[in-house]
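Chain by chain, the residues run as shown.
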Amino acid sequence: MDGDTIERAKLGSREAQTVLLRALQDVWFRLALSLLRNHDLALDAVQESAMRFLKTLPGFRGESQLQTWSLGIVINVAREMRRKARDPSENPTLRFAAMQSRASASDQKSVDAEESDRVREALHSLPERQREAIILRFFEDLSVEEAARAMNCAQGTVKATVHQAIRTLRQKLKQLV
Amino acid sequence: MSELRDHFQTAKQSHLAARYPGDLAAEVLASKRRMRPIWLLAPLAAAAVVAVVTWNLAPSTLAPHRIEPTQQVVATNDSLNDGESLFAIGDVPTLQDDMGISPLTEESSMPSFSEVTMPEMPSFDPPDATTPETST
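Protein chains in written order, with our numbering: chain B, 3 to 179; chain U, 1168 to 1303.
Since no wrong hints were added, every one of them can be taken at face value.
Computed footprint of chain U on chain B; a stretch qualifies when at least three of its residues, placed anywhere within it, have a C-beta under 8 Å from a C-beta of chain U:
hint	stretch
1	27-40
2	49-62
3	121-128
4	137-143
5	168-177
In short, the hints are calculated from the structure, not lab data. All residues carry an ideal CB built from backbone N, CA and C; glycine is no exception.
Assemble the whole structure, with the sequences as input and the hints as a guide.
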């Protein structure tokens, strides 16, 4: 993702936009999947994020990495979808899909993936902001500054949120083991 | 922290293994391309509908009825002969010779007069002045 490609994509070049979307689609998907815990919802989130990304790309000023900036879009989309899924009256289909996904995930559980699942389970019991901070900092290896940009908050908030999340995770993992 | 880091490493491997199943660019950009004609046509269709409705509802406003100036008739006296007047009165019907202006005869025009006599009216005797009034 060089600067020239980004500039051409901002000006509406389909070819450049294709290059950017192909470079970003995997990181968007795994972030959406980790936040939403549902394959279908994650696909929807990625497509919605792509639409918003293309729409807001001309406003990208290059103050951060394009990927970091784009992760902020995915986080916002995932938050909106989670909010909708949390209210069954608003979107019962999403709620049902989330329940179905949880059930199928537990069926496919293998011995090797058990530990990973335990961590994920503990991770998903965290509040939304703490979960976002852990995924960005430890799974996507973003710096505190980058995570703060993606989460649209102060760096100090990220540090405090991560600290609190780690403390909670330790306790939960002890209980699970 | 090291134990937790190990847990994180395992979960991270699983997290990073996820791949988007498909070509996002093809899906999104193709859908945007399909939507383009709709976005172009929608305003045009709306404008056409507004124009038709406006035309039908207020035809007099859009196409005011112009009153064409009529042909002006200018009176000239070029065609008049000497002695003729533009304001001359046409032929006046003439009276026949045997037709008089006054009534022909008095008998025919005036009702006949005959002396009218009034019948005699009944009279009352005048009260006697010498008759004394009855007293109670």
